[in-house]
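Sequence order for the protein chains is Z and V. Be aware that the first sequence starts at 1, since it is given in the numbering used here, and climbs by one per residue. Be aware that the second sequence starts at 1001, since it is given in the numbering used here, and climbs by one per residue.
Don't take every hint at face value.
Just a few of them, taken from the derived set where beta-carbon distance is under 8 Å, the chain Z residues facing chain V [claimed, not checked]:
id, residue
1, Asp-62
2, Glu-81
3, Asp-82
4, Leu-86
5, Leu-89
6, Phe-96
7, Leu-102
8, Pro-114
Over the 10 Å line for every Cβ pair with chain V, so calculated as not near, a few chain Z residues [said to hold, decoys possible]:
id, residue
9, Thr-65
10, Glu-131
11, Val-198
12, Asp-209
13, Asp-224
Sample of chain Z residues facing chain V (criterion: CB under 7 Å; computed from the structure) [claimed, not checked]:
id, residue
14, Leu-61
15, Phe-94
16, Phe-100
17, Glu-104
18, Arg-116
Keep in mind the hints are simulated off the structure, nothing from the lab. Beta carbons are placed, not taken as given, at the ideal position from N, Cα and C, and that holds for glycine.
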Amino acid sequence: MSIDAATPLIEARKVTRILPGIVPTTLVSDVDLVIRPHEFVAITGPSGSGKSSLLYLLGLLDVPTSGEVLIEGKVTTVMTEDERALARLTMLGFVFQFHFLLPELTVRDNVTLPMRALGRLSREQMLERAEMLLSSLGLADHMKKRPDQLSGGQRQRVAVARSLANEPPVILADEPTGSLDSKASEQVFEVLQELVAVQGKTVVAVTHDLAMAERMDRQIELLDGRIISDHAHPAAQAPA
Amino acid sequence: MNLIFDIAWTHVLARLRQTGVAIAGVATGVGFSIMMASLMQGSQDDFIKQLVNAMPHITVSDERRAPPPQPAERFYDAAEIHNLTPEARRRGIKNPLATMAALEPWLPGGIAPTVRVQAIIRYASHDVATAVVAIDPRREASVSDLPKQMRGATLAALYRATNAIILGDRLSEKIGARIGANITLQTSEGARMNAQVVGFFHTGVRSVDESTAYVLVKTGQILAQQTGLINELRIRLGDPMISREIADRVERETGYKSVSWQEAHEDLMSSFVIRNLIMFTVVGAILLVASFGTYNIISTITHEKARDIAIMKSLGLSEFTVRSIFVVEASIIGVAGAAVGFVLGYLLCVGLGSIEIKSPFLDTDRLPLAYSYVHYLLAGIVALLSSVVAGYQPARKAARLHPVEIIRGAT
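The shape of chain V in the complex, shown without the other chains:
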């Protein structure tokens, strides 16, 4: 192995300029791949973070995933039921406090009761359909970032006025309501209530900010015209990525429909798969192009070294040894290119992360970047593999050279 490496090393050193260009090609591929992966992953993480922070990780609603079986279905193997009107039942989660108490011991996160009511907000001749979410401010910090997303007041402001309400900042802009404004809430069931705006919030998710409002649980129950109503339990977990598993267990234990944030945004999650596929294709293409440089340098070296190959083979070096010499040369280029590419990739990420962006559509002023060793590892492995593959073909050709043909030509 030492012999193979020594000869490979002398070949690489003897063609410093060409080797440098090949290394630069691989390094550029690796560097830009890392930067691109970092940017794509960063933007995806940032998006998921915003999405996850804007809503509970798991929402337990007072619905059942499947309708209850009809008596006829219980007694007969085959029953066909037409024009069935579901039985009217009392809204809300039964014994919500007991349900929460049963979940809390094993739940790796917080849980809070909620009343969700659909209402029309009326103010200054504006009518806007709004999801009114009735919350317990003391528990809210354990299930959402709402306390941190407040603008102009804290969540405690909900206690400061009768029927106090907190509006999304885009909603307040839309209807022109300021703090202290008295607005009217009206439900489809005819309930009507006056409420006072005590603050705003901003999640960064447009659909939430322009159509959501928060009130106290008591206020929500009055609006829903049902005392003691809790129609939603909101759960936040330490690790949002396990939401799906936890949601399944909650649903099994409570019988209520329990939806994780991943399920709620399944279409979005599947678009990430496509996005990642595109990213890896582009990154792969960049590295493939870089490997052409390696192919070129190894082809050039084997061409220039045809006489040396003939000498080595005439001395008795095996085809394997000769082939290995050039594969090792390609590996040296791949490893050196990957190492330089790691530094380049990191510097590109740092440089990109330092660019200030001012956009009214973005909450952040810097590009979101994810620093992960996986990006480096993947880019490095692909660069090394593509270098070896690129070097193998000319190496194989070189190893098969018939020494006599070269020696005859030389003499």
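Next up, chain Z with everything else stripped away, as it sits in the complex:
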């Protein structure tokens, strides 16, 4: 998929998300944000600042109470649930803090799942692509294993492979290293870094790890659902 570097991939315009209830809770408030192609963006902030909520809104998993989210210039707030599901399937890849792989399926079947849901490839092409993705992430020997037979780092890499299944231009990661030890965290971070530097993907990652955030191209900091800073890291470097 060719991406025009000037066109924002994802855009949030005055996005607010309030959870209804006896005491309504504001998760995200009046956020304006543009994510451009090939960016490696960190969303940081203290717990409860609205990082994950903002990511879910950008990833069309949630619908803003007011404001709008645009994907490649298209307003998504007017889309039906099925249209948003299709947009998630084709445009966005998700990596969560916990791997969220389907436990009954093998590693390979987990990776082919989004491809099968989209139904654009033949069975052979799907298997070939899943094997290619898993091999590129160092998981060639684990394709027929089930998720519970893998380590935390390996599972997270499988989740990354799954997020890439339909070749989406954007990968959204919610604390992708949050449940991993430092070695595994570093491995997963390098994989994400490579996606931007080598494959030209756009990665938006929520993280608590400020050191890791500083190694990304751009850092957006939230507090109480509002963006309090949005700055680039000129020192961020592509992996060797």
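Fit chain V to the given chain Z structure using the hints.
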């Protein structure tokens, strides 16, 4: 579709014990429904068979369904007639042999002439009102099972004595007459005749066995005091179920009242409708109860799989796809339950059919069972439908899950 089925299949396999219980529930419902339908249908068929075999499928009598119109009614549009005494007419069917000859070419069965006379049988101080049916033994096999129902003699025994008579076995028991006994027949018109008992018959229908006797046509005509009288034509068809249509045609062509066995037992036939309604209600209730098991397992799976549903939806699987996964799971349970239920139902029928019953009130020693693919088909369809309906509600609920709520909860 493959994706939906594959995920549904893995869910079902991952909960083998619970799935097994749900399948067993559906199978039990289907199995017992089949057994019950088979038993009810079998007993109904057996009853109808006995009823049909005990009497002609169609009886053409020398009566008219409607009285002939009076001359005044022919000439005036409105005529009111009081205290009319119907014209006395000669009894019997006019030109019975010609009538039979006219019917025989198109009739899908046999026809036989009969003289029916009401008489009192007197023997050893017993007086019993009896329907004396005068028959032609050579034609009788084509219109009834009487030759097969004979006890102690054959129908040909009617030729062996002057005024020979065959009695129903219960009638003979009632008056204490044995073969060779000389009994007296007396009609309301004063005719009196001595007859010799030459045999017995047993139809299995009590009312027939205790109040019917057979004599030769000639004997019947003497008893009725009318030479050449034939007051009833009895018809048996290859397929008794078409009796109503054939009876209508016979009546149209002959003008005589023609009564099918269904019309003669209309009250009984309507009771079968109620009986079947009760049967289907009970069978439906059994399958409904079984479907609760399916509802339970699908609800449990959707509850346990809430996280997986959230993952699938976050990946971009549509609500339809997610809903279909659980409906397919319910269908798998329904199909498997129906298949096992078919085997169970068949085995239950075989087992029930092998039980020996000894009862003086029954002619058979086995329970009557009807084996019909319709029972299997109906039970299978209802089981599958109820499973799908039972699975749809939790599936719909699952498909509407908001993935963010689950993901938030998990993280």
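| said: Tell me the numbers of any earlier hints that the structure contravenes, in ascending order. | reply: none
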